[in-house]
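Protein chains: 2
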Amino acid sequence: MSNQDTRTRLLETALELIWQSNYNSVGVNEICKQAGVTKGGFYHHFESKASLFCEASEYYWNSVKRDLDTLLSPVNTPLEQLENLINFIFITKFGQDADDVPGCPFFSAGSQAGCGEEAVNESLLNMSKNGVKYNLALVRSLYAAGYLEGDVDAERVARLMNQYIQGAVSFARVNRCMETIKRDVPEGLYRILGLKREYWFKTAATWPPACEKAATA
Amino acid sequence: MSNQDTRTRLLETALELIWQSNYNSVGVNEICKQAGVTKGGFYHHFESKASLFCEASEYYWNSVKRDLDTLLSPVNTPLEQLENLINFIFITKFGQDADDVPGCPFFSAGSQAGCGEEAVNESLLNMSKNGVKYNLALVRSLYAAGYLEGDVDAERVARLMNQYIQGAVSFARVNRCMETIKRDVPEGLYRILGLKREYWFKTAATWPPACEKAATA
DNA sequence: TGACCTACATACCGACCGGTATGTATTATC
DNA sequence: GATAATACATACCGGTCGGTATGTAGGTCA
Numbered sequence: 000m001s002n003q004d005t006r007t008r009l010l011e012t013a014l015e016l017i018w019q020s021n022y023n024s025v026g027v028n029e030i031c032k033q034a035g036v037t038k039g040g041f042y043h044h045f046e047s048k049a050s051l052f053c054e055a056s057e058y059y060w061n062s063v064k065r066d067l068d069t070l071l072s073p074v075n076t077p078l079e080q081l082e083n084l085i086n087f088i089f090i091t092k093f094g095q096d097a098d099d100v101p102g103c104p105f106f107s108a109g110s111q112a113g114c115g116e117e118a119v120n121e122s123l124l125n126m127s128k129n130g131v132k133y134n135l136a137l138v139r140s141l142y143a144a145g146y147l148e149g150d151v152d153a154e155r156v157a158r159l160m161n162q163y164i165q166g167a168v169s170f171a172r173v174n175r176c177m178e179t180i181k182r183d184v185p186e187g188l189y190r191i192l193g194l195k196r197e198y199w200f201k202t203a204a205t206w207p208p209a210c211e212k213a214a215t216a
Numbered sequence: 000m001s002n003q004d005t006r007t008r009l010l011e012t013a014l015e016l017i018w019q020s021n022y023n024s025v026g027v028n029e030i031c032k033q034a035g036v037t038k039g040g041f042y043h044h045f046e047s048k049a050s051l052f053c054e055a056s057e058y059y060w061n062s063v064k065r066d067l068d069t070l071l072s073p074v075n076t077p078l079e080q081l082e083n084l085i086n087f088i089f090i091t092k093f094g095q096d097a098d099d100v101p102g103c104p105f106f107s108a109g110s111q112a113g114c115g116e117e118a119v120n121e122s123l124l125n126m127s128k129n130g131v132k133y134n135l136a137l138v139r140s141l142y143a144a145g146y147l148e149g150d151v152d153a154e155r156v157a158r159l160m161n162q163y164i165q166g167a168v169s170f171a172r173v174n175r176c177m178e179t180i181k182r183d184v185p186e187g188l189y190r191i192l193g194l195k196r197e198y199w200f201k202t203a204a205t206w207p208p209a210c211e212k213a214a215t216a
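Protein chains in written order, with numbering that gives the first Met the number 0: chain A, 0 to 216; chain B, 0 to 216.
Worth flagging that the hints you see were computed from the coordinates, not collected in a lab.
Identical chains share a label here; the pair holds if one copy fits it or two copies do between them.
Straight-line distance between alpha carbons at most 25 Å, and here's what the computed SDA-like set of lysine to any residue pairs gives:
# : residue 1 : residue 2
1 : K128      : T179
2 : K132      : N174
3 : K32       : T5
4 : K48       : K128
5 : K195      : A143
6 : K48       : V27
7 : K48       : N174
Using the sequences and the hints, build the whole thing.
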């Protein structure tokens, strides 16, 4: 197994475990055990638990970014982009039992705020800002195409979307129930966007492609 | 100092500390030190850290409930009730520095989900459900009075409000910035409710009373 | 006055935490 | 084939965690 493999396994294992609970309650030992790496190996690759988290954030964001670039690609109509984004929220990056609640560990990670480590908070903040940027582009597309009611302060609405999505995922975790928010999130976003009623629930998602959907099922 | 005083001080101290960070990273020792109680005292009153949290949840919810009953009282118009609720979100129960981010430790506590303790999660779930109940009543009042656009699935909208508020508080914590969400939350809730535009930002809050506001300033 | 109970205080426990020092097998370089 | 750097593995550290065992001061009641 190569150098990069071990690094990557540590990163992905950390993401998985932190996603399942949270930064504070996932220990270095647990990460190592799950990844099949010893502590020496861990600290060979990362100088601290916090720095692992920061690198994992970047690693994760790059993956999310690729997905977002695809599903918000201009080849899709703004409405399709919106539906794609909604579906994306429910896609868990890590294979889980059906009753596990997904949501990305970092979009939903305001959760972890106040963990004490400044660098960790910084990473979360960055992630949040990046997410809002994508929302902003989507809001502008939808507005330009005339799908939204009334005037729109695009920056604000982009933030509102981010805030709502975070809350929805958090809600799902507390309630340990995906079904509810699967029904709630579309309407929540429609309402926040002020999407004209005639466009509610009108578009089939183009993403993920059917093949990929089948593969993860 | 009486028996009940000590109990209460432990409960309130725990709430304050957990609110400032989170369940996992607040230790029993820290709570004891801050409350001026020894560990023997702590475990005389509570059988575990988790059970303290559960009792603190109840204690806190009772306080919130009293406030909500006041600010959502039928003596206020539905619009006033809404504005009161919005302001309530920004009221910190614990005196803090201006740059500290408020938000109640439990409304915003999906945050803490996955801490491992089942009883803790149960408490959070309960709190969330109770909060939704109040939202539900408000949604129905607003709808009955004709303030809302289109059709409304009241239960769903009540949940959406809960989800959004959670997310907004979480957003504020990650961004360590109150100002943004103070401007965002009203519009966020207006949009989720589908409040007709002509009623946006139109009502002065009746709560908290001016005297109380001055006292906490 | 002595037995008893409540409400703590003090001292301490094993487990586990993040992190480190040091040893070793493997690989690249010359 | 010698040298050196890489990529770990093992053993261990001090500190902190939630929790407990035991002591004790002060009030209650017979």
